[in-house]
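Keeping their order, the protein sequence lines are chains F and B.
When we follow this note's numbering, the leftmost residue of the first sequence carries the number 218, and every step to the right adds one.
When we follow this note's numbering, the leftmost residue of the second sequence carries the number 2, and every step to the right adds one.
Careful, some of the hints might be misleading.
[Unchecked claim] Per the computed footprint, the stretches of chain B lying under chain F, defined by three or more beta-carbons under 8 Å from a beta-carbon of chain F, are:
(1) 83–95
(2) 99–113
(3) 399–413
(4) 454–468
Derived from the structure by calculation, the hints contain no laboratory data.
This one's a predicted model, so the numbers in the text were calculated from it and none came from an experiment.
Just so you know, even glycine gets a beta-carbon here, dropped at the ideal spot from N, CA and C.
If you want the building blocks of each chain, they are given just below.
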Amino acid sequence: MTYQSQDDFGTPASRSDEMLSCVIDGRAVTVPAGTSIMRAAAEQGTSIPKLCATDSVKSFGSCRLCLVEIEGRKGTPASCTTPVEPGMVVHTQTPHLAKLRKGVMELYISDHPLDCLTCAANGDCELQDQAGAVGLRDVRYDVQSHHLGQAKDHSNPYFDFDPSKCITCSRCVRACDEVQGTLALTVEGRGWDSKISAGLASDNFLGSECVSCGACVQACPTATLVEKKIVEVGTPERSVITTCAYCGVGCTFRAEMRGEQMVRMVPHKDGKANRGHSCVKGRFAWGYAQHQERILKPMIRKSVSDPWVTVEWDEAFAYTVSELKRISEAYGKHALGGITSSRCTNEETFLVQKLVRAGFGNNNVDTCARVCHSPTGYGLKTTFGTSAGTQDFDSVEDCDVILIIGANPTDAHPVFASRMKRRLRGQDGRPGAKLIVIDPRRTDIVRSPHIEAQHHLALRPGTNVAVLTAMAHVIVTEALADEAFIKLRCDWDEYSHWAEFVSNARNSPEHLQPVTLVDAEELRAAARLYATGDNGAIYYGLGVTEHSQGSSTVMAIANLAMATGNIGRRGVGVNPLRGQNNVQGACDMGSFPHELSGYRHISDGDARRLFEADWGVPLDPEPGLRIPNMLDAAVDGVFKALYVQGEDILQSDPNTKHVSAGLAAMECVIVHDLFLNETANYAHIFLPGSTFLEKNGTFTNAERRIQPVRKVMTPLNGLEDWEVTQGLAQAMGLDWHYSHPSEIMDEIARLTPSFAGVSFNRLNETGSLQWPVTPDAPDGSPIMHVDGFVRGKGRFVVTDYVPTDEKTGPRFPLLLTTGRILSHYNVGAQTRRTENVAWHPEDLLEIHPVDAEDRGVKTGDWVKLASRAGETTLRATVTDRVAPGVVYTTFHHAVTQANVVTTDYSDWATNCPEYKVTAVQISASNGPTDWQEDYEALSERSRRIVAKVPAE
Amino acid sequence: MKIRISDDAVALACGADALADAFAAAGAEVERVSSWGMHWLEPLVDVNGMGYGAVSVDQVAAIIAGTATSFGRIEEHPFIARQTRLTFVRAGKTRPTSLDDYYANEGWCGLAKAREIGAEATIAAVLESGLRGRGGAGFPAGTKWKTVAGAAADQKYIVCNADEGDSATFADRMVMEGDPFMLIEGMAIAGFAVGASKGFAYIRSEYPHAIAKMETAIKLCAHLVAPFEIEVRVGAGAYVCGEETSLLNSLEGKRGEVRAKPPLPALEGLFGEPTVVNNVLTLAAVPWILTHGGQAYAAFGMGRSKGTMPVQLAGNVKHGGLFEIAFGITLGELVNDIGGGTESGRPVRCVQVGGPLGAYIPPALFDLPFDYEAFSTADALIGHGGITVFDNTVDMAQMARFAMEFCAIESCGKCTPCRLGSTRGMETLDQIIAGRNVEVNLALIADLSETMKFGSLCALGGFTPYPVMSAIKYFPEDFVVRERS
């Protein structure tokens, strides 16, 4: 199939329900009211020449190519800015129009380089296309002035800006405004001197506010903004639709290839999660797949102080199995365990937990959701009956009040944040939604171009439950609760009990103010706003879950949503912003030690028997070890072998010293990953993994949306990840013979009621499906709990504020909270191996000016960050984004060793670590700590590789 | 002795301040009033209605002594006597920021009437008057007001377009400098009629005196127009911001780019709200209409051009100034009889009506009546009513080139025909002026003009062909190679 670019209807679709009819070129057309003539024609297959119109942004009316004639109207109006009206009769091609279009095109070409044949846009250029479409044959002007020969801007690592080719259509400016919401681009000067600029005249793209999302590159009709890879390689020859492997938004991309070479990733306009938008990571940062540090062959060693020895797959499997057998015989089968990856596919994750349950014979399997959204699983299961969010992303378009707590969407879920920003700015004549942000830091969404939160509650880290309970107090005592909804959908007695609890004076905003540090009036106003806005939606992230009361906070959120009737329709709901591309999927697949797929408890006899019948082995009915338990057990000497797929617990789990102690105590650590990550420093067996480009499967995003991942190139390491797990299983003697991941999904569907209707065929048909996909809901479930909660009645749970045990004091007077930045993804394993390091080459410690001054710290200084758990060194940046008493850093660079500092305190229900609250002290430093130096030496030693010397 | 001297900018430029000081020093009581609008007579000295024209400081003593010769009663001067001053009725007679003077001269009667008859009847009166937008588009003001009144919104606006950028125009400036309360009253009536609580006067930055007078006047009468509030906003030197949508963008703090229509500003204007955008003269005509009735206004004029037009005579003209007259008067009468022909004394070669984007009209067409439809049938436009007179030393090829140059300098840059076409037009006319490939290039200019006329997003690019093509049509001799003299 030859390469085809995506359809472009010129102007965005209308949201109206009213339909009307008109005649275009003699053919009757029926479209929603508000549709432009251009789009109505395009939907009928007539493409009116255009250059400044593209359907990702509103019409602009500047190129003047799309002129049409309308019977009964004077002149030649632009079809992009003219809406269809009932009975209108339009002609898109007449001799007069043809002459005008030639005239306009002649002007364009009179000021454009004529190097089509060597231009990067050759074959993919709308200016070329339109010059052909209007039939331009010569340019009669004797040109004196022009815009040719200008310097190019190569500063951005992924795309070039060549002003000489610019036709000043402003599509890039509009995309940066309307699609991304960053407004980094503008037109400088006016008239003939109009010039696209990334800010001031002195800014280039890299130095400007540009976040490198690529929307402008996608919107640009010429080679002015073009991917460097296109310049280097040429145009793609085919495209394959797949799903991004970075975050929980799960953007749909077209992987555009030439042979097995990736040319570019372009967002797919019909992607239900991203609707044609992307961020710097998914769009551009895929080069890690070819990075020199990628390990392509299996490696083994007897001791972690030995160098690695490269071997073939068969030997690796055999050695692994022999070690597992030895350990199982020596220490018992409970000494083995596995960690599934939240970044591998559903099918691969399912196989890992199957390997543990059917192969190892125990339930010692866990996943990274442990350290991020496990409280979501617990909290929403308890209150609603489902361990997942209630809406889809489209739902944000119908919000009236948005409450963000413990989330930083513009950095961590940027594509969704852009959609949220569109709603906050207002659209289609509707005023923008109101915004409440509960976060100790002034995150970007609090105040950004054209957006300002009505309320920013900058609470003290660790006091989420107090704030939410105080809000509940306001809602109940001021009679703002939706009693009709509660009576119908929830248990009234439980509600009354809860209402009595929150109404108590000690839960009032005033009484809790000394604890939360939130002004009582502000909190009351915020609570009223959420309760009285028509559609109120709550979006939350790890700032809610990574706390000792994480599960309580999730339940408090659910309480608020139920109390105000904000469940069961578009525009409302409880929306956990899941982090990883497939963490939702990993949880769904039964990666937890106490649950089988579909969140059925392992003690549930019926569920167990279903699996036992299909797998042909008995299953252990006792819940197994969670990751923190595995490490404790290892230190205690009873847990000895661990198979880790696609996760770096040494960099991402808290209290690094404890993690390394646990790993060091094990006898067989099997790391299945792309690179020699930190955990591999303590590994005995390394199995090289495959990237998302090199396998077939599915990912499930934060919307419960199951989306296809499609293979576009042969795995450089030789096997897809599911084939590696299968290889291990087969070497263990298990009778696995999957030939394609679709068979694995078929098994999942057989065994998991909420996945009953899912199959690769159906996914190919529909593009994606949101579970539950059952006979009752054969096309999936965008909104949940519409008529009733999954558990029946919604459950109100009393959440009393219990301060964390992690207390500040004279030695550790500051509170450290951690987070993420746009250009890097989590531990940075992938993004640090791409050009994204241009934006964030190191982790920085944010410290308030008052605290900095007290310590004599300036921006750029090295500081020691110390807690009761450990200490590390990094550079400081002084800013008032954090309140006095709070400091903040990211954890994207292994060298920072940020988790040396975090503690073992965790959520009472799920052991989700309390990353967000650590008592610390900051002091000036002149260099790395002893730990950092020792650790670096250990890493270097541990990463030596030698080729196996063939036996004589 | 009571002396009246104007403090209008033209009078100041002719030395009115020094003159006023001299009279005051000589013991006279000097009142600074608005200008009568007879520019060739400034600085005009008014002593009890008797006029002394173009007075210099050395004539002060004689005037005070009574020995100087006046040209007669100012009101009886033919230039004034032949006018029908409805809007400029107070010009020359009142102190611009004196509420007393305004009250004593029918001031605030229109607003009182509007409040008495109600919003709907007010709009009906404006509709009945046939008042059309005096900025140049000629759109019925009442229809625009009715649209805004009928739109549902929490906030609506009145925006007064005071970005008078056309050459040969000064009527808006004279209104703001000479009779600001009239404009404020007109805006307040509009606000009342359509339900707008806020008004903005967007005044070009090149009118510092008008800006100052308006700000003073607004403060003085705020209590009278309340709850309606007015703010002055100053432009920044862009002609294109006289186009209503570009003006709105500028008001909102954005680049002064033209917006596509639909949506109309009446429904989605300033900050997306329903907005009346009207020219100064349009709003200034409203108090008279409310005071005397729509029918009385419609009794003046001809065809669908009702009421009076404050014509501005300028350029190479003997009697330049403000001539308010009912529609219907011929161009020739304006230029030759009233204007007195050229200042230089040489024959009139042509006039340009409607600013730099207006057509050039030769004397052969001077029987054209001042009427929107008659002018447009002749491929010309009335615009804001400014007339620039040229004598027979004008080079029409250079004027055609200037039209393109003007468009290039002032282009907002959004649409292709204007942004690129104006520069290509300049270059092509340079070729013609240099005598290179004249026939071919004239054909190219004709094609370019068609592209700009039908393709441009707004009237800046859209009307540039008027001066260019009219110059070529009526003065072809200037476009062929001429002997170098």
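Evaluated hints:
1. By the rule of at least three residues with a Cβ nearer than 8 Å to a Cβ of chain F, the coverage given for the stretch 83–95 of chain B is violated, with 0 such residues.
2. With a threshold of 8 Å between beta carbons, the proposed coverage of the stretch 99–113 of chain B by chain F is violated, since 0 of its residues qualify and at least three are required.
3. Remark: the stretch 399–413 of chain B is confirmed as covered by chain F, as 5 of its residues place a Cβ nearer than 8 Å to a Cβ of that chain, reaching the required three.
4. Coverage of the stretch 454–468 of chain B by chain F holds. Counting CB-CB distances below 8 Å, 4 residues qualify, and the rule asks for three or more.
The structure shown violates the earlier hints numbered 1, 2.
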